[in-house]
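Taking the hints as your guide, dock the two standalone chains into a single complex.
Given next are the chains, with one letter for each unit.
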Amino acid sequence: MVKLVDKLRMELASNGNVEIVNELSWHVPLVSYEVSYSRIKRFKMDILMKMLLLAFQEADIRRPAALAEMLFVEELFIRDLIDKMHHTQLIRLDPKGYRLTDKGYGQLEKGIFEEAIESDEAIASFSAAHNRYWLIEEVQDKKQADGPVYRYATEPSADKIRIQELLAQEKDAAEEGYQVLVADVLTLEEIGHDAIPCIEFQLYDREQDLFYARVWNTKSNIWDEVLQKQIEKQELLAWREAMASQESPAEHA
Amino acid sequence: MATQTKTYETSIRLTKTASEKMRGFGISERLFFMADYPFQVFLERYPSTADGSLSVALLFSAEQTERLTDKAGGQAAVLHCVFANHQLLVTNVTLRKAYQALGTNWQREESIQFKNSRDPVPVAFMNLINRLTPAKERSDYVKKRISSWEGYLKIQEQGMDIPDIKTGYSNLAFNHDFSRITLTGCRMDDKEWKNLRNLSVRLTGIDGDVGTVLKAKNRTIEIELNPFIIKQMREKAQALHKREVVFSNFAALSQVRRLRQGFTNLEKGLAVNPQLDRLLFEERPNVAALKELPKLTFHNRLNEFQQQAVTGAMSAEDLYVIQGPPGTGKTTVISEICLQNAKKGLRTLVASQSNLAVDNALGRLLAHKDIRILRVGRTESIEEDGQKFIEENVGQYWKDHTLKEITAQYEARTVREKEVAEKLETTEQAYAELQPVFEKWQQAVEDKKAAKAKQQDLRVSMETWQNKERARELEQRQAVNHKQSIEGKIEKLEAAIDKAQDLLDSGQGADWFEQQRQQTQVSIEQLERAREAKKLSEQLAILRRDMELIEEKRDEVVARAQEKQAVLETVEDMKKVDSLLEVMAQQKIEEMPSIAFSLSKLDMIRDKVAERKKLEAYNTSVTSAIGYVENLLKAAGIDVAQVKERALSQAESFTSANIDEFLEKLRAMLKSSQQIESAVLAKALSGLYKRQNDLWRRGAMLKAADVYIEESKRAFAQLKKALCGELDKQRQSYLALDERGLEQFERKREELSRIERQAGTLSVSIDVPEDVEQAIADRQNQLAQFENDQAEFRQAAAKLEQLQADLLAEQTAVEKAEQRINDVIAQLGEAKQRLKDKQQELQELESILSTDPEAAYEETAKQLASLSFDMESLKQEQKNFPLLQSVQKQWIALLESASEHDLDEIRKLYIKHANVIGTTCVASARKDFQDNYPVFDVVIVDEVSKATPPELLLPMLKGKKVILVGDHHQLPPLLGNDTLEETLEEMIKENSGFEEKRELEKLLEESLFERLYKNLPDTNKTMLAIQYRMHADIMETISPFYKDENVQLQCGLADSDADRDHFLESATVKRHNHLMWLDLPNEPAYFEERMSGGKSLYNPSELAEISRLLTELNESVAEAKAAGRIPANELKTVGVISFYGEQVKRLQRMIDQELRLPHLLLRTGTVDRFQGSEMEIILLSMVRNNQNDRGDIGFAKDYRRLNVALSRAKQLLVMVGSSEMFTKRAKKQQTQQMYQHVLDVAEQKHGVKVLQKG
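Note that the protein sequences, when read in sequence, are chains G and E.
Just so you know, we're using the working numbering here: the first sequence kicks off at 1 and counts up by one.
Just so you know, we're using the working numbering here: the second sequence kicks off at 1 and counts up by one.
One chain only, chain E, in its complex shape (with noise of 0.2 angstroms):
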């Protein structure tokens, strides 16, 4: 619930009937508003009223409702209103029982004063109420998802509806072993015969519900009794006063009324957890982001998966959900969030679907004393593991845990407080002992600072003599440097005066050099000759070719000219029009203004030349016909004349187009017809008038046809001349052109012959060169070089002087460097020698400073310490003893001398401050546990795919957090002693008239487990993947049932053959197996039977095949104790379990009366009722073997029911049946993959084992 921050203040108007109403509940108006403080109210939103306006709710609770009136009498007053025109206007006022109605998670809890007036409503209260879901929406939301889980319910009411039945009987019986009573001499109609199965049974005289119903038949009934009634009846039944039994239904239906409840209460918004309804809901359960928390500390050991689990359970804010594979410590989990939770003050519910669940996570949990456990529902149906924590046994649970735990400290500290003695008798002397170490630790480290103080000196003064090494090596390089170059210059000098006295010795003197330059100036002149004629030469040849092509231009003007004259002569002969236009388009022409002129007038005379002549066919045409229908009309006697006066009376005109047709009709219409009407004919004759008078119109606006030719030879002649004259003005300009390159061809033969000329004065007597450009710079540099040589040889005889004075004075300096050199040298000696010596000392230095004394020192310094601290606690702890050692003394005296009555108080102090609280779903949902135990922090269910959602949301419905644990790929919930198809199946079968099946088949496909488990995202969920129970080789059968998950099954045994040895040896049973299958063959002997009238089957040669397997495994128990591998008072547990309820109770038969196996621990059961269950060895008896065309395997084919029946088995698992039933002949491939998995696991394992038949 949110705390209260405001108070709202609103103004509020009552109707007429709200009045009324009010003063019929003796509820004053004064009172209402005249209070002084405001009250608590809960808003509950309406829907809106049918024209939009917000409607509401204000819920009064009981005290609340006190306040104003004391005839409510508990209940709470609600006031119903509108807001209308800004105002709360309350239009009735109502009770209501106060019980779940007030505080739902659709209601909204605020503190509110009433003001009676007539102001408008503060918008911040009409925006609280405005954001309010109506109530009734999230209610319907929750009723609408829920109602598919109805089918749950339906199938439990299945004919429920029965009253009691009570009736004598004449003789009750015990079974064999007292397990069930058959009642006879009952009476009582057939129909209620019928109906009796599994209802309540009780006996008059015996106290409580002796058992339930199994089989009424042949007026007998047979009940099966409740475990904890069997000893009263045994005491009892014989002797009771009056025979008389009542069948009842009504614990079923009380179990199906709070499943219902349960419905109502998540409708009606009471689940702790306001989201709840969502979380169930949604295809993805939108859950809350996980709390950070600090790395957890655990109490028990817990596996990488199971500490994720663990972290994740408690820093998830509302739901989060642990897949659990067999075997893989669902219960250490558990153990571990109760106790998390409890150290942070935190109550947990442990609820399961079945007592026997819930009372094996208790038994299992750590014993803590943090954790207080309390077994809450009925004592008798509680089982041992949970039975110390019920209430009436938790003092004593609570003395023995703590009477343990103090006993234990109190000898251990006995113990401990000699090993303290002794201790710190120890302590003192290593303390003693290693005083000395520490003081010769710390002279050394005293020696050490010395040296080290004496080592920086020396570095000290080395470094002045290192100084002055150096500077004198750097002295000595310089003058060496020095010595070198003077050297140097030495060498060049001597080379300078050898070359000298070289030249001056060659011979080549003045002469010689003037002689050499004249004939290289010569030589150079000549080669300057050669160049300029052969510029010249190209000159020559580039005007020879422009001349060529001059001529070649005139050749062809003057063809081109001469071209024109033969046209212009062909011209003149021509007769046609068309042959002239032929010629300017070869000539290339163009259309002068008056060869257009002349061509358009020779178009214009033939076109009306052209025009003429169809005008008189035209009128030939129509003449002939006026000719032909005028003597028509005169045969019939009209006047012809008349006709063609009123004809011409008005002149029209026609196309040529026209008269075609006109003609064309006519002549059909005379052609088509003996005998036409002559007005028709008037009408036709009329017609022709006009297109001949037209036609004569026409001609007379034409000129006659000769004048036409005349006007056309004139034109002609026009355009003859026109076009002579543009071709001799073409001929007169290619002859211009000729005249022009003539011109040009002179100029260019004058500048030849003046180059010619030029050429031939031009002559050279050497032999010319081809680069004659390269030989001439050749020459050049020659003569350069020869004109410096000259120079050089003229100083050198000055120049020797000179540099023999310079080497002189080279020589003088180089003795005066050696000298410095050597007192350089002498110098350095010095300095290294001091240097040395100081090494020297140094180095004695080091051996004391290479050791390490603060260590060793510090460590010992420390050593001390702790044992200085050590000797300190061990005193305080001897001083600690005595009070210790004497109050536990007295708290284990009064422990153990506590009666009953001394315990009270404790345990109302368990009970009060309980905080682990075990039940089963449905019971969490009884009154006296929702009065005691409203809510919880943690809600955790175990064994979730056991249950049905129903059930499920009975526990959810308390917690603000929730925790799921269960296995999906393990069998889904029981009804009864049936799975819940089997329950389908046989209510298909019954025909009870159950429509809903495919709903209910719907059910099947859904796990809500399964669904929550695959849609919350990896934060929210984990899955255990470590199973410690199982050998590997019995594991590896199961495992392909998890490889979709997002991890893969893994074995968390160290070593699984040492782990998990049977240590026995058979002929059957080898040591290495732990996985076996006994292989029956597919054959009629060896089939499965029915029971006569029966459903259930059975298998005899399974049956006895596990009686000699059973006796041999007990034969190898009882050698194994002789040979030591097992002790002698332990006991072989075996379990003997099957798909089918008949072979188990055969199998228990022969087990109780034909075999004795004292060594062996046996259990039997359907592989369903062993769901939860271990033990060392199993043996499965799959039953189904037959021929049958369907491949039938019935239950077998579930593969959840394959997989439990696979992983009870620590040790060893013993299949016992016919691999080819289940291999090749089930029904669906997937099942036949399923078994052969298994077999071929076996196979591989050593472990299959085939009958041989007879």
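Just chain G, same shape as in the assembly (with noise of 0.2 angstroms):
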């Protein structure tokens, strides 16, 4: 941690024009949950076509520019699926309208069927001062960390869709026709609570009168611009006006 610090001390220090006006080290609150969603297997299809077929299923449909006002989508792509459908013998033209083919009918309960797969686990973490979550492999629960803890942490509890959507992201599959597709978020538990340990510099730019601050996040291994901007956002005024009251008594001697 020490040969860290030194390391960035000397990054910030190699611009001359730089000081480093404060050094502070303090931890990211983390928390951790165990999540469990369902999962579906589907086969890959094009929703415009599955939905014409299944239009043609329901109604008499002979003119393209009804389905186009129904579904509220461009005649031309009706038009061209039309084409494509009647041509791969998927539907044929009767005298009261589009009829499905048996290959028709086939496809359509093919792209309709939906097959449930066992549901999964997986593990999730979550910052609230980033208002960030990941995916992680294994449990940690460090209630314990070095330093205080960051002096803008907020607590709210983690949302449901957003992690729903962090496994999409992740977990969703293909093969061969067909996508493994998260369905939904079965059960969402609290399992530990871990931290990040961040260093953080506040920095005075001489040359061009400057106050910025930079905080290494040492999760993710880089300057973390979250953190950044809600310390300036908070501090920077004040952080002048402090130098400015140490100056003038200095300038006076």
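Heads up, none of these hints are tricks.
To give an idea of the chain G side of the interface with chain E (calculated C-beta under 10 angstroms), a few residues:
no.: 1; residue: 55
no.: 2; residue: 81
no.: 3; residue: 114
With beta-carbon atoms standing in for the labels, derived distance ranges:
no.: 4; chain 1: E; residue 1: 240; chain 2: G; residue 2: 226; range: 17 to 27 angstroms
no.: 5; chain 1: G; residue 1: 23; chain 2: E; residue 2: 1083; range: 40 to 50 angstroms
no.: 6; chain 1: E; residue 1: 411; chain 2: G; residue 2: 177; range: 29 to 39 angstroms
With a Cα cut of at most 30 angstroms, we get these calculated DSBU-like pairs of lysine-lysine:
no.: 7; chain 1: E; residue 1: 1121; chain 2: G; residue 2: 229
no.: 8; chain 1: E; residue 1: 231; chain 2: G; residue 2: 233
no.: 9; chain 1: G; residue 1: 44; chain 2: E; residue 2: 369
no.: 10; chain 1: E; residue 1: 671; chain 2: E; residue 2: 614
no.: 11; chain 1: E; residue 1: 388; chain 2: G; residue 2: 41
no.: 12; chain 1: E; residue 1: 908; chain 2: G; residue 2: 41
no.: 13; chain 1: E; residue 1: 399; chain 2: G; residue 2: 110
no.: 14; chain 1: E; residue 1: 588; chain 2: E; residue 2: 575
no.: 15; chain 1: G; residue 1: 84; chain 2: E; residue 2: 404
no.: 16; chain 1: E; residue 1: 912; chain 2: G; residue 2: 44
no.: 17; chain 1: G; residue 1: 44; chain 2: E; residue 2: 404
no.: 18; chain 1: E; residue 1: 721; chain 2: E; residue 2: 564
Hint data in this document are derived by calculation from the structure and do not stem from the laboratory.
We put the CB at the ideal spot given by N, CA and C, even for glycine.
Here it is, written out as structure tokens:
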């Protein structure tokens, strides 16, 4: 850790105009959740085609324009698809309208069919300060972190929809014309607390008369933009005032 | 391309070279001629050859070439031909790359079948080629015109030929906000260091361009990062394996290359619109006439100018220009045009100079299912508004949009379903209620019909009675008239009786009448005599006057005779001819022959005498001269006689003048010299002899002097005699005249005495009145009257008896007439009574007839029908509900659960049918774009005035029709971070050896957009003149910039104060303020300052003032929120702008570092960068403030920049700067006035706040 701080300090000092006014270390709290979610397996199928098959099955439709109006879809698209389905013999035209062929019925069935596959579990980690979620491999529970807690930490609880979005993004998969999709979050259980140790530098660029902060996030190993902005927004003016009050007596002396 | 209508058949011959070349390319002549179907060939005319014969190239497309050979490898075969001796001769054959070489505007595609024969080429084919303009002429035209745009490219090419520079670095540091990095420890030579600026930067290990070099100084390099790369940089930059950087010019170079390609394509005739070059370069673009369109239905709400612009743009065939001042809704117009195009199945390209402008335009297009927008370009440089339209996102965009619409429909229908049911019920009820009303009206209509029939009957019977009434009335009138006429007769009879009686009673008997008549006759006779006497006395007076005249005439004649006698006597004594001549003149005596003879004889004698005298004088002179000369010659011993003999041997004649001259010469000669040669003297003497001899000869021809005197006397006596004879003749004629006068006199005297006698017999006994004639006439009338009266008197008794009998008869007639009248009156009374009864009946009907049940009946029928229709359609709708709801429900479910993969097909369809494509001007020339979208029906270029002509050309090349949207009163193109002029200024300062400075300055003056806008006919342009952005007060500041346009800029806000209320109330800014000028003194404490070693300016006192103002604004927003004027979660948008980059930098730093303004959403930027943006509040820091003599206000002097600066604010514009500097010190009068106007408006709106010193 000390080595890291030295390295960071070196990096910052490479700009000769910058001086480190203050240096702090603290941690950002993290909460871990165990999430169980349901999954389905579905045939990859163009949804407009599926809709057209459904509509032809349900009603007598002859004019693409009527469908276009009903579905609020460009007539061009519908014509294109009807031509294609006609060509591949999924549908045929009889005097009352378009009808599904046996092949068409088969295809539609395949398209509609959703197979529920066994549900799965994952562990999600949530940083309220960043309003961010990650999937992590194993539970971490270190209630006793070094140093103080981040001074602008908040404690909102996790959002199920956000977690589902995260799961969809990470766990949706495709195979051989089929896709496996996350359908729903079944349970959400808080299982542990963790923390990200951070190192904060308060900096002053004398040449440009600029105050700014740099926060090293030891989890992502980058300068953390979110935390830096939060701190700057709250404290920048105070730092400037503090320096002014420090310097003016010095000038008198 | 024209459709192929016919195939030309032509013979063709090959030269030996051509044949060989053909064989070389593997083309068999046999295939060429034996082909059983024609070739599609592009004809391109060459300039005529030196001997003037036609020359043409036949280009075969790659496919056509393949018919001839498989060796060409996708290239196009070209036959180079000339026409010789009516034959088409191929002189050479080559292969050419097919890409962009075929189908240019300078070529023509035809279908041709070739024959191997010696037949002449058909005339039609020759004519076809003759009509083509040689391709070279067209390209030369373009080349010549486009060369004026070269300057733009030259500027951008400045110092571009730099090879990539690759070097290591030792350290990489971010600046405070990760927007820049600084590299140190690079190893390059000095030249490379100098060239770094503006190069793009790549770092090994980072994907994509990192940014561009901002500064390279003191062996450190500052690099501005591309926004899209920052995240990657933060994550990776500190942990790169290899510290290596590459500086390159590739991006900029490829941009210029594309611009240049645009030039070439125009030259080659590859513009989609074949007239594009003419439209761009002709002084007055010759646009095609507008199409007639049916009235358009608009989908956006458009004002009159916007409607005009859209209609114009849709009707124009090739070019339309829209001038859009700030806030006038350009994007709305573009959106509407795109939609109109989409509805017509047309594909539109929306291009603009910058990615941001393209995204802005697309982002504001109406979301409509007929519009399929596709944003093409480098994904990373596309802004948020455009992201949803890039290829990979359109599926999602389509899904979101469709889902939104369909859900709205679905939900609306759930509501609607209930509504329909309710409506159906109420409609049915209303129908039921209306039915009896309808029936009632129906009955009323029936009743009215019956009443009408009865009315008709009544009217018919009334008419007969009315006729009767009229007949009786007429009869009555006639009877009354008859009676009246009889009464008149009676009256006249009675008067006649009275008169006759009176006459008989008057007592003037027959004797009285006779006496009166005689008296009158006597008086007439007397008067006639008096008239005769008067006539005679007048005749006497005339005679007496005549006699007096004759006496006078006689006296005169006698006097003349006496005068002639006296003259005769004087003539007898006259001695001189002149006296006689004088008498002749006085007495007017004509020159009788005898007189004329005597006179001419006298003249002749006088002439002879004169000549004789003259000859004698000459003889004396010549003789004395002879004597003198003879003596001289004798003294010299010369024989004079010999001389004389020789001289006289020949007679000569001389004029008097000759003799005078000769003597004069001789005299002069003798006088001038002492010694004269004797030969000369002898010659002179000989001359003298000759002349003497001539004189003598002439003298011999005249008579002696006394003879002439005698002759003269005789002639004079003859003349006198003749004259006296004439005078006596005159005297005799006067005497004869006197005799005749006496005779006349005697005749008159005799007549006089005769008339005197006649008059003596007439005597008159009465007084003669003045007018005798009238008196006679009066007496005669009197006489006639007496005779008449006398006759009447004689008849009167008989007449009286007759009159009395007549009177009795007439009185009986009157009684009868009265009886008749009474009868008629009785009949008339009856008729009137009948009519009155009928009228009564009619009036009773009227109350039924006056009602109007038809209207109500029809109205009710209509209502009933409409209700019935409503019921039917509602029932129909109700019937459709289940299907619609079920289909849409399924559709919604499908859409909601759709994954990326499910949308794949849709995405492909969307891209295939995309009809609004957005990209930047330069990107529109990228190869892949060109391949995917070679042609657009319509190209719309937005923010045209910000693009350079070479940039504009690229999208324009692709459009059948081009619509340009811009505003030349806003800023011209930016090159990099600077305007063209700033770049130029810098180039000139850097003394980069750029020669065409003048050429470049010319570029500044002309804007393509401005020229087109000014020169196009009104049908092809519109200015959008209603702005919706600014409060009217703010707009007033920019109005003068548009005053020369056809229409004036107007404010479209219904109530500026309400619509643009900023809701703020502070010490400086009051609620009513919308335009303010915080006026700083023009004093050193407030002056501008220059960066040490830099060129940009800043102004510390303005910074301080803006800091104070921002704090105040922030607080007043807080106060407005507390008072509920502004919603609590809203931020006031504030733009802080300046003419100077350095000031902007300092403003940004100040805002970041020194201020905390949680209620404001702040943006800073240069005026130039703010073009196209708007903010609720704008603070403009004007920076310039000095007392230099030059009065330089730098970039602020450009009215276009001021226009942009003033027109960004919606609610409040605050200018911070010295008004004295801008309105009084500015160098140019025009600039001063421009700012004075702004100050005046601010003053007028009570917005000027003068800052106190100190």
